[in-house]
Every structure is written in C-alpha cells, then in structure tokens.
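Chemist: Residue numbers (our numbering), protein chains in the order written: chain A, 1 to 323; chain B, 1 to 323; chain C, 1 to 323; chain D, 1 to 323.
Treat the hints as calculated values from the structure; they're not laboratory data. Worth double-checking, as some hints may not be accurate.
As the list makes no split between identical chains, a pair holds if one copy fits it or if it spans any two.
[Claimed, not checked] Subject to a maximum C-alpha distance of 30 angstroms in a straight line, what follows is the list of computed DSSO-like cross-link-like pairs (lysine-lysine): (1) K314 - K41; (2) K165 - K286; (3) K314 - K269; (4) K215 - K269; (5) K286 - K229; (6) K41 - K295; (7) K160 - K307.
These numbers were taken from a predicted model, which means no experiment stands behind them.
Protein chains: 4
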Amino acid sequence: MSLLPKIKRKNDAPEFGFGNVTNNSGFRILNTDGSANIIRKGEPKFNLINIYHSLVSMNWWRFNLLIIVFYSVLNLFFASLYYIFTPEGIRGMEYTNEFERFMEIFYFSAQSLTTVGYGRLYPSGHLCSALASIEALIGLMGFALATGLLYGRFSRPTAKLLYSKNIIVSPYSHPRFLEKADRALMFRITNERTNQLIEVEAQILFSYNEDLNGKLVRRFQILNLETSKISFLAMTWTIVHPIDENSPLRNLTYEELSKIDTEFMVSIKAIDDTYVQQVYNRSSYKWNDVVFDAKFESTLFTDASGKTGIDLTKLSNYIQINQ
Amino acid sequence: MSLLPKIKRKNDAPEFGFGNVTNNSGFRILNTDGSANIIRKGEPKFNLINIYHSLVSMNWWRFNLLIIVFYSVLNLFFASLYYIFTPEGIRGMEYTNEFERFMEIFYFSAQSLTTVGYGRLYPSGHLCSALASIEALIGLMGFALATGLLYGRFSRPTAKLLYSKNIIVSPYSHPRFLEKADRALMFRITNERTNQLIEVEAQILFSYNEDLNGKLVRRFQILNLETSKISFLAMTWTIVHPIDENSPLRNLTYEELSKIDTEFMVSIKAIDDTYVQQVYNRSSYKWNDVVFDAKFESTLFTDASGKTGIDLTKLSNYIQINQ
Amino acid sequence: MSLLPKIKRKNDAPEFGFGNVTNNSGFRILNTDGSANIIRKGEPKFNLINIYHSLVSMNWWRFNLLIIVFYSVLNLFFASLYYIFTPEGIRGMEYTNEFERFMEIFYFSAQSLTTVGYGRLYPSGHLCSALASIEALIGLMGFALATGLLYGRFSRPTAKLLYSKNIIVSPYSHPRFLEKADRALMFRITNERTNQLIEVEAQILFSYNEDLNGKLVRRFQILNLETSKISFLAMTWTIVHPIDENSPLRNLTYEELSKIDTEFMVSIKAIDDTYVQQVYNRSSYKWNDVVFDAKFESTLFTDASGKTGIDLTKLSNYIQINQ
Amino acid sequence: MSLLPKIKRKNDAPEFGFGNVTNNSGFRILNTDGSANIIRKGEPKFNLINIYHSLVSMNWWRFNLLIIVFYSVLNLFFASLYYIFTPEGIRGMEYTNEFERFMEIFYFSAQSLTTVGYGRLYPSGHLCSALASIEALIGLMGFALATGLLYGRFSRPTAKLLYSKNIIVSPYSHPRFLEKADRALMFRITNERTNQLIEVEAQILFSYNEDLNGKLVRRFQILNLETSKISFLAMTWTIVHPIDENSPLRNLTYEELSKIDTEFMVSIKAIDDTYVQQVYNRSSYKWNDVVFDAKFESTLFTDASGKTGIDLTKLSNYIQINQ
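Next comes chain A alone, as it looks inside the complex:
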C-alpha cells in the first residue's frame, strides 16, 4: 500500500543509478558525507586511484606522519641491506659497539636517500656504491612523488559546505505558490570556508519504499524547489521545497515518513572561485532528521558600523512553532 500520490514516470528510479534497491532494514542509501552506503563485492583488491585518493584526502597530521614513517622504514630497509651485505663498504664510520655501527650505517643511508651526501661517510666497493646509487634514485623519485601528492592535496577543489542538522517543515507563503502551498520542506547550507562559491545549484531527491503487492520497492523522486540555483553563495541559502498539491509529501506525517523509510538525498553543485572548478557535494537526511512545525532562526546580524554579517554557528538553529 502506497501512501504517496502517483509518481510521474519521468522522475522514477532509473535516473539515479540505485536501481531497485530495497533498503527496508532502515539503512541510509547515501551517507551524510555523500558516499554510497553499498557493499561492493568482486572489486580489484589493489587500486592505485583509491590509494592516491586517500593520500590526497587524508588529514594533514596523518599525511605528515605517513611521510615520516615511510622515510624511516625506507632508511631502515636500506640500512639493513648495507649491514647484511656490505658493512665494510661504508667508510669513515666512528663506532665503539655494534649498535653504534648500525646507526652509522643508518645515517649513511639517510644521507644517501636525501642526497645530502656530506662525505664523511661514503661508499666504497661495487656492492655498496651500487646500492647507494639505487638509494639516491629511490630517494629522488620518492620526493618527486611527495611533490605531486602535496600539489594534489592543495589543488583538489572541495566544497566544504555546512548543512543544517535538520530538514524542517515550516509554514510557508510565497506569491508564486500562494494558493497551492501553505507548508514547505527546507534545509539551510552555508560555505564553511572564505573562498567564494558561485553558480550554486541544489537538488533534493526523495527516496522511500513503496509496497507493490506485498513487495517493497525503493522509489526515487526529485522534489521541485522554489529556487534551484543561486549565482553567489555569500550568506546562507535556504533550499525550499513548497509542499503544494503536486508534492509527494502533501499529506505525509512524521509517522508515515518513518513507515516508508524516507530519505532525502541532497546534492549541491557549485563553482569554486579559488580553483575555478566545478565542485560537488552530497548529503542526506533520514526521516528522523525531519522536524515538523519549525522555523529557522535568522543568522544575520548588523555590527556597530551598520555592516551586515552572518553567524555560522546559528545555521542549524530553529524555533518550534505552536500551531
């Protein structure tokens, strides 16, 4: 039994690449970070693109730690090779015991890997010289790699958007929708960063279970928006779906949203002014993120000089309305 009005076919499932997933155990389809909450079996284990992706998207503490660990391990590896195969090849060492001897070899290795090559410690003999040549090559290639990764980390355009914690159903009146809609579904976004987002577009995809002769089928439907594109995200933007007579949410209550395992998948598309590139951002609201009969608080304030500002900390604030 479907609680929903007849869906126009053009808004139906196939357009979203989720096929007819039935997710009736209540899992999200889209995680709040915008990734798909779906298991993939049979994927190739080793995948350089994935490795690159995690190296450019991990946080800076982990990245720097990784560089240090990698450098130490590589040093240790070469030091062990010298120690095992050609300890006599390294000249100029000063040591009094075996540990100090290994450490001298380790420092020689570091001086080769970084190509600093002071020369107090130096290689002699075929094996040691050859190993040192290879180590210097690997060192240089490693730093070439690090250069690429550092640039990749900086130059990758990512929109850091802040979303209001909830998606709310508010009383609503708008000249264009006056007779048709008296309530609207809305959430708010703002740019977490100072860089400018322009040509910002939003889409809300309403996803729910439909009972088709006892079998649950997952449905997807785009919700009409009051405004789906703004040219400049300088402040906050409230994305509004007017619940008019054509809205699939027309008569739905909180209980019904829960019953059909509602999920609102939102996607934002914009141009980042720093990198001058298209950026994409997705998130999702589950039925228990919906608040009925509420109104967002204004984030605007005016400072002493009369200049307008916005307070990002108030983005999720709403006021409950007694009807």
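Dock chains B, C and D against chain A, hints included.
Modeler: Same frame as chain A, now just chains B, C and D:
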C-alpha cells in the same frame, strides 16, 4: 515607497544568495574586486585552503620574501637545536669566538636543509646525525611544497579585466529597441593581458532598497542586455542595458538612484585561451559611479599602415553631452 | 538491398566523424578500448604529446622499469664520456684493474646525476668539472620531468568502467513503451573503482552496411534509450534501447545483424568525483557479441545485517530464455 | 553599396567582440594561428602570465637552450660575486693561473647551485658560506620553477588541427538542402596527432565590409552549417556551408568577395581525450584562399587486408571542375 516598477518574481532576491540583506547604511554588497563585503562569524580559525589561496594569489615580491624568511627561520631553528643540544656533534668547524661558532652551525644547518652537504662540516654522533637526517627531510619536503606553490601560482587562471571607472547613461538607438528605448546604461571592459578571452558572458545585477511598509528590504534584479555574450574579446566590449519600458531604471534619476542605495553588480564569465579554462570576474558600481548623459570615447585608432588598434588607456574616457 | 527502415536524416553519418567508411571486410570501426581502428598515413613521426600520453598511461611496472633503464643508460653515457675524455679528472678512485676503474667512474657519475656528491670521488680539472656540472643539471631536470610525469599519472582522470561481455536482446515491458516495444537491446556497466561517478550519460551508436545500388555504404544511427542519463552510478546500470516500431532493429535477426556487419559503438560520459572532472569512455559490441532471448542476472545481494550490496563478478552473467 | 542580402540582426557584429573595426586596407582580422591581428596600446609592459605563456608554448629546442643559458648565467653571476667579494672563502682550489682560479670558483658555484656539493671545494668564512647558502636556495627554487614549467608544457591541452589550405566552393546536393542549395562553401580539417578529439564543434564567421553611405563598416555573420558538431574526429571532417537562398554568399563571385575584403574566421571546439579537456582552435581564410568550382579529393584508402585508412598528406588536395 517604491520608485520602481513591479518586479517580475523570477528575477527576485533568492537567486543571488544575498538573502534579504538590508544594507541601508550605504555599504557596498560586492567589493570592486568581486569579493562579498559581508562579515562571517563562527568560521573555523585555521583553514588550509585559505592559506593556500593567499600563497598562490599574493604578489611575487611578497611570495619571494616569504620564501626567504621561511628559509632563514627554519635554518635558525635547526641551528639553535644543534647549538643547544649537540654543538660537539658538528665536526670540521673553524671559529675563534662563540658567534663564529654559532654561524658555523648555522651554515651547517643551511647545507643540510638544501641537501648541498659539502662535507667540510659534517654530523657525528647519534643526536647530531639524527637531527641532520630530519632537517634534510624537512628541506626536501619544503622544496616539494614550494614546487607545488610555484606551479599553483602560474597555472591558476585569472582574468585580469579592466573596467571603465564609471557606468554611464547614454542616448541610445538600436534597431531592435528603437521604439522602446532611447537611453541605455553601459560600461566597458577590456582584457588587461595579451592572452585571449573567448566565449565572454556578462550579467548586470541591479540591487536596491525597497521600502516595504516602512521596512527596507534589499532587492536584486537582473538587467536585460543588448548582447550578453560575445565569442571573442579582442577589443573592448561595451555592455549595454537598453532602458526600455520594462527596465526598472525607466524613470530613475541620479537622486533616486542614491536614495534607494543602488548598486550594480557585474559579473563576467569567459574562457581563458592560455589555460583553456573558465574564468570568472566580478565587480560593482555604486550609485555615485553612475554618470548621466555621457558617451564613451572610441578607443580605436589606425596606425600608419592602416592596421587597427585599441588604446587601453582610453577605456574610462567619456564625453559629457548637453541635452 | 537494405533490411533497415528509412533512417531519419538527422541521425545520419556526418555527425560521427567516420564519414562513409565502408568496412565490409568485417573489421571493427571502434576497438573495445574506445580507440578508432583506422590507419593514419602521413602523420608526423615524432610527437611529444603522444610520448607524454604513453608515459602517463603505461602501467606502473613498465613506467618504473623505464625510469631505471633511463637512469642506467644516462649514467653509462656520462661514465663513458669521463672514461674517454678525462679519466684522470676524477680523483679519489680506488681500483686494482680497468673494470674497477670504469665502475668507480660509473659511481661518480651516479653521485653527480643524483646530486648526492659524497665527495670521496670528486672532479678536478676543467673538462671533468664542466662535465660534472652539466650532468648535475641534467639530473635535476630529469627529476623535474619525473615529478611532472608522476603527477600527470596520478592526476589524469580516467573512468575504469566494466562492461558486460555481451549486449543482449531481452523480453521487455515498460509503462512508457508498453504498446510499442516488447523486446529491448541492453548491456550493463559498473564502475570498477571505488571512486564515485556522477551525472553519467550513455549513447549507443548503431553502425551497419547499407547496400546502395550494389555499393556498400556505412551507416550510423543513434539508438533511443529508455534512460540516457543517471545522476549517480552507485550500483550497476543497464542501458536499455527499447526495440519499438521506430527502432532500426525492429525485425532484425542474428543472421541479419551479421549480414550487415553490425557494430554497436557505446560511449559513456561521467563526472569523476575524486578529480571532479569529466571522463569519457567508449567501447564497442560487434554482431557476434549480441545474444538473443536472454536476461541479465541480478548482481544485488543482501548481507546478514540487511545491507544491500552488488557483486561485480556477476556483471556479464545472463540467463537464456526459452520462448 | 552592399552586395549582400539583408542581415538578420541576431547575427550582427556585437556578438564577436570585434566591434565595428574597419579593416579596409586588407589586413586579416584573425591570424591563421587564431590570434587577433590587432595592436594593443597601453598594455602593462611586464606581465608574468605572458612570460609563463611563452615559456610553456615555445618549442623544445628553445626551451632547453633557455634552461642552459639561464643556468650558465646564474652560475657566472654567483662565481663573479665569490671572485669579487670572497675569493679566499672557497677552500680546496687547485689552480696555476688567474683564469683557472676563476674556473674553480665557477665550478664551486655550479656544485652549490645544483646542491651536488662534492666537498673538495667548500665554503669557509661568513660571506662565502652565506653566499653559498643563498645560492643553494636559489638553485632549488629554480629547479622547482623548472618542474612547474615542464609539467605546464606537457599538461597544456592543445589541439593541433590541420586545415585544408583552401576553402572551396563545390557543386552540392544534399537531401535536406536539395531544392535550396546547389553549391556549398567547404573546408576540411583533421587531427594532426594520434590523440582523439571528441565532441568536435565548428563555426564559420563570415566577415566583410559594408558600404554604409560611403563609410565602410565591418560586418560579421555566422554561416549555417550542414553539420556543426560531430561526436568523434577519427578521420577528416569536411565542414560545409550550403549556399542556399538565405546564405549571404548566394550570388557572390570571387571578384565580389575580394571587393568587400572577405574573411572567413573558423573556430573549432573539441574535447581532447588525452587530457580530457576542452580545446579551442581558430583559423581564418581570406578571400584569396577561396577556390570556386572545385572538389576535395578523397583521403581514404584501403590497405591489403581491407582495413580503412586516411592519408593526411592529401588533406588540401582538390580537383578543379569544368562547369
């Protein structure tokens, strides 16, 4: 009280992400460099994207100075570490007093950081060798970073457009608008650089205060343009809004523009032929930048051989017209 | 004699850049990796873009091997120069025979090329010092090149799509096509990688020979799709051409597809979420890849916790249907 | 006096950013390499973007020569500083005369700049050590710059298109234009490189002088094309403007094209499959490049195995037709 004709709803505020900012103390909403003149409270203090952005967009003198300062400070920092913890570790020093000794350590530090490692000065002992290994690593990573930043500085497409200082209201006649418009609002742009801008698009957003039952509300409206896209910005381009009967500027005088705190926000979009990338440029004219009854001077000239040229220095020149 | 219904002119040959190729000996026009199977005569022999392209697209084993080979050959080249022209210029060598002497020169060369310059071996005299200066410059430029190539390899967006091995003709019923189509041509794709593909678009181009008064002419025609764009390729996507009354495949059998040397060229366009860039992918199905009266197996499974997953290994699986 | 039919206003001058240039002395407006043939006065003298542009677009011989010159000059500059201010600071020198002394200093400078630092030559004393530190920093920054430039040179997408030398007027018959056009203006292009160009679009802009009451005014008009977009440039593409009754070329002869100083500006837009980026290419045909009553030769051939190929050397070949 509104001086303006009824605004078509589709051109109303929501599309521009400025919400209903009321800026009645006369501040610009958009700075002439295209950034938003709005205070942001609650932003994260530390933001790598912002740091990257300032590093790639600061001028070259400051960038080079920063590199030198950074190099010196890092050198000094490591020199201090050696001096404090392991001054005996550095061998081969030549000095007669404590200052010279510190300077020798400083130069050893520089030779490690740049990985030049001549070898007259060299590390000995655990602590000193370990510190030197770390310094060489940090040096290499620092130069990897500098490589990325240098590339980022060069490869970032930015349109350097020159705008005429004023936006003027001229007598106007155009076959397409003949019966409807006898005046037009116009400004001129040209490319400051020799690189070619193609597929250039312009938009003028007219922003003003409307008195809504005693409360000032900020309104935004796109102005129709005679031509909103050109395929090649080889010369100058005069962007023209014909003040026809549908124009919100129909009967506005300079005094009225001032009274409603008018601001014209202009945005230009183009493809940069050197980087083959989309570039965006914004600026703004305030009511006191408007000149009535004027006409732009031609920037064209023909040289001795009959070849056509433009004179960029004449871009803002206009001639007052006695009506 | 043409087996096909009259082709609408707007879908005819010129739009695809293949002109009127007649490929009646049964070669593919488009290889399965998306490149054109066409000989090009008169191309410039040496082409840097092609070299760059192969360097960034070859697999990692070959790339690393190439780096090692290049490094060895360059070392050997400079070692030979020193050995021939200025063997006395290199000081600090330790050797007992001519081979060891050459190897010492080789290691000196390696130490110069990598700029490690320990200093046990060092140049003396004009020619040797000058050669060493040039070698160090070439070494640095080589590593600059390697840095660029490594970054190019990582940052090049490529969609690795998996295509079903066959393109099948299935029984079909869809509300939108109910009365018109009872069969459909379909193939399936999925993303081989974990990165996300968004705004995915598909096109099938049907190519065949037409007998025009005894002369075979190659024809090209776009097939209408049930859905030609999805917003998110999270699972698999079955691209479906309903064989309705307007379809050029209306009454074609396997034998007829073979006779007119059919080829289905498919092209996929998407946005890669890791690089935030447009990616393009093409492939092709020849008439002998077509399977009639079959149905794709579902790739969906549900794990113990009720979470949905897809099994990539089942992508090409189909079930034959007895009609 | 105008020889041309009335121009539809929507195709008129403003869209092309050339304003009302009158170029009656017969100069091209657009050079064949796609740059504008227009003098720019008042441009800033020094412009980093222009310098970057020439560094990434100059040919490889010049680029490599520039690197060598730059390296030599920088070496010489530092060598002179050491020689003048602190010749005693460099230790380990071996020389018998003043020239050899300077050369030893020069090699020390090279060893510092490349950070190879063998150590036979080493700095001693404040000034020399400080200078050497600065030189090593500058060396590293220089190679950082070179890395960026090398990457910039490789990663800059450029379409190398071959254009037929002439633009020809051929007899023409096409089902879509049958009754309206019996001649067509056409030129041919092909990709000079092996990389693939997809989604290729063409535009022909017809530019000519109109006599407006004795004053020559430059007019611009887009010509309708039989096909303006192909999805894949695998072979050659003949871009065809059917000279139908709406064509401004309807009754024009070679003499008239000359009289009105005709120029056909062509622009091609495509996606480069190697870099997955939009590329733009422009060229121009002047009236004396037009050939009447000719037909392009086919570039197609079939090899022994029956495989189709194209011969790039035949691109400009045409056959004169006796009417």
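Chemist: Determine for every hint whether it applies to the structure shown.
Modeler: How the hints compare with the structure:
When the C-alpha separation of K314 and K41 is checked against a cutoff of 30 angstroms, the pair qualifies only between copies, where the shortest distance is 10 angstroms, while the shortest distance within a copy is 42 angstroms. In the homo-oligomer, the alpha carbons of K165 and K286 lie at most 30 angstroms apart inside one protomer (11 angstroms), although the nearest pairing across protomers, at 38 angstroms, exceeds that limit. With identical chains, the CA atoms of K314 and K269 are at most 30 angstroms apart within one copy only, with a shortest distance of 23 angstroms there and 33 angstroms across copies. Taking the shortest Cα distances, K215 and K269 never come within 30 angstroms of each other, neither inside one copy (35 angstroms) nor across copies (34 angstroms).
With identical chains, the CA atoms of K286 and K229 are at most 30 angstroms apart both within one copy (24 angstroms) and between copies (25 angstroms). Taking the closest pair of Cα atoms, K41 and K295 come within 30 angstroms of each other only across two copies (21 angstroms); inside a single copy the shortest separation is 44 angstroms, beyond that limit. Proximity of K160 to K307 under the C-alpha cut-off of 30 angstroms is found in both arrangements, the shortest distances being 25 angstroms within a copy and 28 angstroms between copies.
Of the numbered hints given earlier, the model fails hint 4 alone.
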